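**Q** The chain contents come next:
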Amino acid sequence: MTGKEPTLDLDDYRRAYAKELAGERRTVKAPPIKETVALLAKSGKTKRAARIAAIDAVAERALGRPSIMNALIDVLADPKDDPSVRRAALALLRELTFSATAFRRYDADFRAALRGAAEDPDEGLRERVLDFLALHKDEYAQRLLADGLKEPDKALVPVERALQMIGYDLHGDHLALLRDVVGAKPNQAVRRTALRLLAADSESQSLFEDIAADPKEDGEARATSAMALQSLDPERFAKVARKVVLNEKDDDNVRAVFLNGLTHGPAEVTDAVFGKRVRAVRYKTSSTQLRKSAEKYIDSTGGDS
Amino acid sequence: MRTWTTDGQIGITRLPEFDPAKSGARNDVGQSVSAESVTVSKTGNYAVVQPTFEGNPHGRAHTSFGGPISIIDTAARDPLFFLLHANVDRIWAKWQWFQKRFDAASLTAYPFLGSATSTGATRIGHNALDTMWPWNNIIGHPRPSTAPRKPFPKSPVVKAPAAKPDVRAMIDFQGQLNTANQLGFDYDDVPFEPVAQ
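These protein sequence lines map, in sequence, to chains P and D. 368 is the number that my numbering gives the last residue of the first sequence; the numbers go up by one with no jumps. 246 is the number that my numbering gives the last residue of the second sequence; the numbers go up by one with no jumps.
Hints are computed from structural coordinates only; laboratory data are not their basis. Computed from a predicted model, the values in this text were never measured in an experiment. Fair warning: there could be bad hints in the mix.
What the hints assert, rightly or not - Among chain P residues calculated to face chain D with C-beta under 8 angstroms, some are:
hint, residue
1, L71
2, L84
3, S130
4, Y346
A virtual CB, placed ideally from N, CA and C, is assigned to each residue, including glycine.
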């Protein structure tokens, strides 16, 4: 490489950055506290934009002022208030929970408001409320979500979302529900989520084995099933994986995933015949991913032939 | 990330509440994560900057998603947590550079100069003279019940921080006041610009 590296002129850099800051800065004058509280208390669709703007403007000062915090919680808790404003209040309250010590005094009221909104007619609000509650392992929310899976007309969120939320705090009694979801042959996104959540379920081993071994199955579902099976029964996984890896008619990406599993898994026993055939895979395949997986496998098994 | 597993669960659940194809992380009611400029341009002391910084952009970045990253208890399950916090640290470093705040003995750089038992102290672990968990091997409320990976490993290239780092050691991370304070890392958009003494 010829030529000097350009040096940074620090003064220029500082000036340019200051100019950038000046260009971006938007000074939003926060309204007086009493005015903000009064504005938040005006429910209904009028002044939606003003109320949302007030919520944003007051964000920096909210935690130190019970009147604002209570006003925000009241907005969230009011089923008759504008859903957009309620979503804005919820967003700010969620953000403020990251100042955990200061927020603690509002926890109980916030939780009560959230539970009250868990079945709200507004889908966006409902989903965010349930997600927050489920992450906090709220039993009320878990019950609502499980009921929605058992009886679709009670569902408060789409099936995949319900599964994700239940997954935040998986209980033993959820496993049968998840197996039913997989058995109902839902769309692939739902199926993949359910399979991921079943990963530690020892009663699902045969299910994982069948899905992993079947070339007609969705690739992601096969990969998830393979990982789950490997975790539950590494030797059972290894038997399935070897067949898949050596099947030239199978999907190369899936073969690579399974070979990676064998490379990094606990149950791999040096097998000269298999090793030789993996070498053949390495030379024959046109898939870069499969070739790299084969090379890693060969390296990891010490080059036995 | 196909094999990412935490707490026994495979995969990552992370749902943006904004359009990832557009910048600004603006949600459906127009709220957005603050631009870097909002924090960096604050001329007040750190005590003025920190509360808003913690809320937005830090807290708002967390809550611009649904899923584990959006609450304190589970945020670190998502690998994005580490990138988010690296950016938070970068913005703090950028503020330090732009506002010239590297003196750990000055209130303008950091407002809690004593330890947790000093007058006017903040919560433990956040005062300049507090050592940091887990490297200090102090367990039990309000700290966690275990302390893995202590003491702080020695670096082959820099002397700081000590085996039990304190908060104060993080302030002059570039070694502006004393090269012995260098922590051995920097950010590509935060230059080393000597502060006039």
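**Q** For each hint, tell me whether it holds in the structure or not.
**A** Here is how each hint holds up against the structure:
1. L71: 6 angstroms, holds
2. L84: Holds, about 5 angstroms.
3. S130: With a closest approach of 18 angstroms, the P/S130 hint is violated.
4. Y346: Constraint on P/Y346 not satisfied, violated at 26 angstroms.
Going through the hint list in order, the structure does not satisfy hints 3 and 4.
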